[in-house]
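**Q** Input sequences plus hints: build the corresponding full structure.
There are 2 protein chains.
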Amino acid sequence: MATTGKQIFSTLDAGGTLTVEVGEKSFDAPTGAQVLVKMEAAPINPSDLALLFSAADLENAEYTPGKIVAQMPEPFLSGAKGRHGQKSVVGNEGAGTVIAAGEDPAAQALIGQRVACVPGNAFGQYAVAPAAMCLPLGDISSVDGASAFVNPMTALGFVETAKMEGHNAIIHLAAASNLGQMLNRICQEDDMKLVNIVRKQEHADLLKSQGAKYVVNSSDDDFMAQLRSAIDETDAYLGFDPIGGGKMTDAVLKAMEQVAAGKMTEFSRYGSDQDKKMYMYGRLDLGPTILTPSYGLQWTVSGWLLTPFLAKAGMETVVRMRTRVLTNMKTTFASNYKAHVNLEQMLEKEAALDYRAMKTGEKYLVTPHS
Amino acid sequence: MATTGKQIFSTLDAGGTLTVEVGEKSFDAPTGAQVLVKMEAAPINPSDLALLFSAADLENAEYTPGKIVAQMPEPFLSGAKGRHGQKSVVGNEGAGTVIAAGEDPAAQALIGQRVACVPGNAFGQYAVAPAAMCLPLGDISSVDGASAFVNPMTALGFVETAKMEGHNAIIHLAAASNLGQMLNRICQEDDMKLVNIVRKQEHADLLKSQGAKYVVNSSDDDFMAQLRSAIDETDAYLGFDPIGGGKMTDAVLKAMEQVAAGKMTEFSRYGSDQDKKMYMYGRLDLGPTILTPSYGLQWTVSGWLLTPFLAKAGMETVVRMRTRVLTNMKTTFASNYKAHVNLEQMLEKEAALDYRAMKTGEKYLVTPHS
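For the record, the sequence lines run as chains Y and Z. With the first sequence counted from 1, adding 1285 to any position gets you our numbering. With the second sequence counted from 1, adding 1285 to any position gets you our numbering.
For the record, the hints were derived by calculation from the structure and aren't laboratory data. Be careful, since some hints might not be right.
A pair counts as met if it fits within one copy or between any two copies, since identical chains are not told apart.
Only pairs whose alpha carbons sit at most 30 Å apart, straight line, appear in this in silico DSS-like list of lysine-lysine [as the list claims (entries may be wrong)]:
{"no.": "1", "residue 1": "Lys1634", "residue 2": "Lys1644"}
{"no.": "2", "residue 1": "Lys1532", "residue 2": "Lys1366"}
{"no.": "3", "residue 1": "Lys1597", "residue 2": "Lys1448"}
{"no.": "4", "residue 1": "Lys1548", "residue 2": "Lys1597"}
{"no.": "5", "residue 1": "Lys1448", "residue 2": "Lys1352"}
**A** The structure is reproduced here in structure tokens:
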């Protein structure tokens, strides 16, 4: 017996027209180790927006109930050739209740339970997920558990990455985000020093009120001096950047080099011999990344993605991370939302423009059955 | 008894005046495992130019015999704070004859021998070097052996790096340089596929005449298509870039991603899961490096420097590399020079502007006693 529910689809045609609409999707009864989840809550993460809207012109789009039709500019249209004409489901993660399961005992054991999952179509009323990837939420609500995967595992992944690479300190950009606040809590628990870079005084105040020791405001005139001082105190030569575009990663590498070079006993034409590394884990700014010749050649800029990281970290580490997330879901790993929207409200102009702006601390939660 | 000879010095004062001049330098009799080398030939490598001139305005400089006085623009003046006021010797490598040695048997054994060495003051008539770092040249002349270290070990280092990281193919930018021609020979000997990127048809022809199979001309209208085709045939997802500034590394990462994405069975919002890596080993272009959001987040751009590489590779590998260089000094690892200049000629306007332009295949050799 098939189960049918509403689902958000995003379709980009070769001519540059992006259609995002509420449609219907049917699911056969789950088999094997699969479960069918009635989705109750799903966060709109920056990583979802890349598929949902990419760089489409939402300001001048056509809005009708349950539907947005917008134009996709170049080079984003050509850059997404692989999806032209494909009707894509959207929504990495969410939480809901298991309403049916395949014959596998691991799947059967989840019937009736609330779980967090990563189905890829979380902006819909139903989803299928492998039992092994479901995180049973116990008495945690779907709203509280909706963001149990992407942000918590990403923030924990940064700290695990730093430890694996021998670092005792991290620099984080756009540090007042939900993820940034989470990282701030994890780092305090793990005695990992954290240099938080924010753009507004209110965000600096927020992080400080949450126990952050090193907060640097990039809007301040003495930003570079603040940053150098924080690097000097923490020895932070590893950073994580969700912005990507612009000159902030460059500024951090510059500051790292200035601190390291200041500690050298003699000038080297190649710069300091201090390794400096920035991981880019997002592209909030779709403009080009600018790297100036200001820090020698002892540096690395690299993409950081959760899935390859988890594969590299291995099952034992992943299980340890998941257990920690579940145990501390309502404290260390809690997320906050600016608004709850159902699938139709999600496609209204005011909402779409608002959550697409990805303003710090203004995340939306989708509640598909409300 | 001290030995005194002519020496090139480069001094940058805090006000932005760069003085490059022929002075004198004295050397005490060598002790321990050190040897004193009468320097007979030294190449002017791009890595030397960074210290010698950096971005100084040589067009409008003041030229007097044995002396250049030029102005250093920002941000290069501030970026080199560590050397302000320091009188720096210049010249990474060269070759000459050992005329005195410390009491250590390894040093004594070199007396009277011709050696290649990396003293850091090779643009001078004498230099001191540790015996362990000297490469005895046997019947190879100082002119033929002058470039025995930097280019050969760098080109071999690329191939070693590729092998260590599990690659069977390499992309090389500015591929018709002395180093590029060397790399072309090494890759043919080692069955490492090499995609050569050049900017001129004559350079493409040169490399092809030397057996290169994959040569791509970035000045051609269909450059990107040529590059994709070469990547498709070779599976080259590792590149080495001596240019640094501009958009060429970005173009290579784009082409890598386009080939990899074309082989995927379904579209991924994160791009392909193919690792893509570019090493920047020089900064022939001092402009900013531009990285566009065109290839997901599965990529790395990293500096590559010879000394940290050799430290990581370990002594056994280094000895193997050095032996290979010495055995094939006049074939695989041969360098060509456009002109020979003595220390005074090196500071004449026409020469300085010419070798500072770092044109492909137009390297200068300094012969300090001529």
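**Q** In ascending order, which of the hints set out earlier in this document are inconsistent with the structure?
**A** 5
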